[in-house]
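**Q** Listed here are the chains, written in short residue letters.
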Amino acid sequence: MSEPLLVLDGVTKRFARPLNTGERIASWIGAGPGPRVVRAVEQVSLTIAPHETLALVGESGCGKSTLGRVAAGIYAPDQGRVTLAGAPVMSTGRRPHKITTRVQTVFQDPFASLDPRMRVGTTIAEGPIAHNLVERADSTRYVASWLERVGLPADVATRFPHQFSGGQRQRIAIARALAMQPDLLICDEPVASLDVSIQAQVLNLLLELRRDLGLTCLFISHDLGVVRHVSDRVAIMYLGRVVELGTTAETFARPIHPYTRALLDSVPRLARDGARGREIKPIAGELPSPLAPPPGCHFNPRCVHAIDRCRSEAPELLPVAGRIAACHRAEELLATV
Amino acid sequence: MSAPAPLLEVADLATYFDSKRGVLKAVDGISFTLKRGEVMGLVGESGSGKSVTGFSVIGLIDPPGRIAAGSVKLDGEELVGKDAEALRTLRGRRVAMVFQDPMMTLNPVLSIGTQMRLVLRAHEDVSRADARRRSIEALARVGIPDAARRLDDFPHQFSGGMRQRVAIAIALLHRPALIIADEPTTALDVSIQAQILAEMRNLVRESGTAMIWISHDLATVSSIADSIAVMYAGRIVESGPAHEVLGAPRHPYTKGLLESIPGEAPPGSVLAQIPGAMPSLLALPAGCAFRARCTYAQDACAAMPALAASPQGHAVRCHFPLEGMR
Ligand SMILES: Nc1ncnc2c1ncn2[C@@H]1O[C@H](COP(=O)(O)OP(=O)(O)OP(=O)(O)O)[C@@H](O)[C@H]1O
Ligand SMILES: Nc1ncnc2c1ncn2[C@@H]1O[C@H](COP(=O)(O)OP(=O)(O)OP(=O)(O)O)[C@@H](O)[C@H]1O
Ligand SMILES: [Mg+2]
Ligand SMILES: [Mg+2]
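Chains as they are written, first to last, in the numbering used here: chain B, 1 to 337; chain E, 338 to 663.
With the rest of the complex left out, here is chain B (with noise of 0.2 Å):
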């Protein structure tokens, strides 16, 4: 196997989370208030081999956005280390900044992140002339070049971004990225506002343009079945961890940990043949407060196989049967699928 070209190395990030009013006003009557860091990201590590696509999938608020801008370097993690072939994507020191340009991102909202106040070439041509992938000189020519890479025609680089469609849009938001020339590409959740129509239309460029210009991929996503179609390892999160990881394919036909187990059985699957679904079987219970998560296993309020060890320590991700999971029944549980 070759050299990875990201590395995650014991990632965590936090958050303080400001106090409300409520806990204001405890704090003054001396009543101290509840836990206040959000932990984000909890002692990630993952690695990504060059042209390959990795997928983290989990619900929302376990970390898959912060992981995400943590590896594109928007992020400065609180401990652990993020290098992109071999060297820091960000600066260390008191103000760390990234200082690399060859990891780019495509977010979920393309009527966010593009400048409604640029015309479309200028938001493009901005970071490639600034850091001289192209002379200002040539701009034009190149943006030209990238959005008819993307499936737009030439002209849109005069017009602004209100006078685009979402799935217009995205394309732009790609154009954008791939204009820098990164090695890495994340993209959180770049289809999640499209409809399905055109959601096929930005995978299938996304595919293209991945298979043509050699890209690796961070991708992030809550949709299980654009995930399984795109990538090739899966990471599954559940409260800022990685509790699962494989090969997309073996992770779906047999998932390890009973949280993905519980995932993929819950997930409304298209029955055409109106057998009005399998019957979806929901997890039981909600997502714990990421201020104050469960001690031991985090999942372990939610899981059918939870025994007192999960309620007291917490599971390392660990070699199962040629995979990877963080569940201390895991080879049990195995065998039992």
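Just so you know, these hints were derived from the structure itself, not from any lab. Keep in mind the model is a prediction, meaning the values are calculated, not measured. A few of these clues could be false.
[Stated by the list, open to error] Straight-line distance between alpha carbons at most 20 Å, and here's what the computed SDA-like set of lysine to any residue pairs gives:
id, chain 1, residue 1, chain 2, residue 2
1, E, Lys592, B, Leu270
2, B, Lys281, E, Asn539
3, E, Lys357, E, Ala405
4, B, Lys281, E, Ile481
5, E, Lys592, B, Arg269
6, E, Lys592, B, Lys281
7, E, Lys592, B, Ala271
With chain B held as given, fit chain E with the ligands onto it using these hints.
**A** Coordinates of chain E with the ligands only, in the frame set by chain B:
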């Protein structure tokens, strides 16, 4: 024995919005019927007219919108043209709506218990104690733990999924004959979505309530609907029993939608895609509105095709319907 009269009969319904740029034909001549206890999935891409259809059925169209033509009959009683007061009575009692955003139903400044009591008293003469008892029952039915204690809580004290459950409990208070659910799970997380989907399916089965389930997500619809109507640009282009529409789609648009969903195609393969986008409802082309995106289109498609139904009730609006796509 004659077939029982349908609960809901919508015929040639048209809802237009007048604007400076012209008349927007959001819903343009749709017809469907719903039996008691039947769940109909109403699907189609964004802007195809699903929500406007739902609002039209329960008389919630305000200017600049207007019902331009057609009829909506509930239990044989015509609703189009009824005055606002009569419609309000109907909405509370016999028809209820659940929205994508539960705060369309909930009042942020009143406790849940107060809101439920007000809803009950709007249409029935109930004592405070009875209202309380029925509210607790309704909350428990939609899976709210510790319902008695939560009556005093305000909407912001519930999570998004719990808030949607409260909105559903309120919709069910008067045991309506028809619920219109407009993307009730779209804003929720996958696991909560599955819980609410399963719960609503059981609730309508137990109570025999009919439901129109509006969604752009065909997978969700396939797990709840008995019948499906596919909308495109303000018209129903295909409808029928769910297994027929999903298993053997006859309209090229339905087939395209189904094939563009990742999951069936081999991983990494090129997904079937429908080229282009839906035309503006302000300037629909004459004839079939899908024809510019349709690979099967021919000259005849410049004339509007009629909706033709099979004996099984599988209807399609297409000059060249597909055969046996299974
Ligand atoms: N800038 C921030 N400040 C404070 N808390 C944050 C911030 N960003 C994220 N969080 C918190 O960190 C946790 C993880 O959030 P994140 O956005 O990474 O989740 P996600 O998996 O991407 O969810 P979604 O599927 O909803 O996008 C959440 O509890 C969130 O509220
Ligand atoms: N109050 C309104 N005033 C003017 N136009 C409206 C109004 N409500 C809806 N429309 C228009 O009617 C058309 C159909 O809208 P509708 O909300 O029914 O679509 P939808 O199928 O529910 O889409 P979505 O999946 O995005 O909810 C759209 O073009 C919309 O812009
Ligand atoms: Mg996110
Ligand atoms: Mg709608």
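**Q** Could you run down the list of hints and mark each one as holding or not?
**A** Quick rundown of the hints versus the structure:
1. Lys592/E / Leu270/B: holds (13 Å)
2. Lys281/B / Asn539/E: holds (13 Å)
3. Lys357/E / Ala405/E: holds (18 Å)
4. Lys281/B / Ile481/E: With Cα atoms ~18 Å apart, Lys281/B and Ile481/E stay inside 20 Å; holds.
5. Lys592/E / Arg269/B: holds (17 Å)
6. Lys592/E / Lys281/B: The given pair, whose Cα atoms are some 28 Å apart, is violated under the 20 Å limit.
7. Lys592/E / Ala271/B: Since the Cα atoms of Lys592/E and Ala271/B sit roughly 14 Å apart, the hinted pair holds (cutoff 20 Å).
This entry does not satisfy hint 6, going by the numbered hints stated previously; all others are met.
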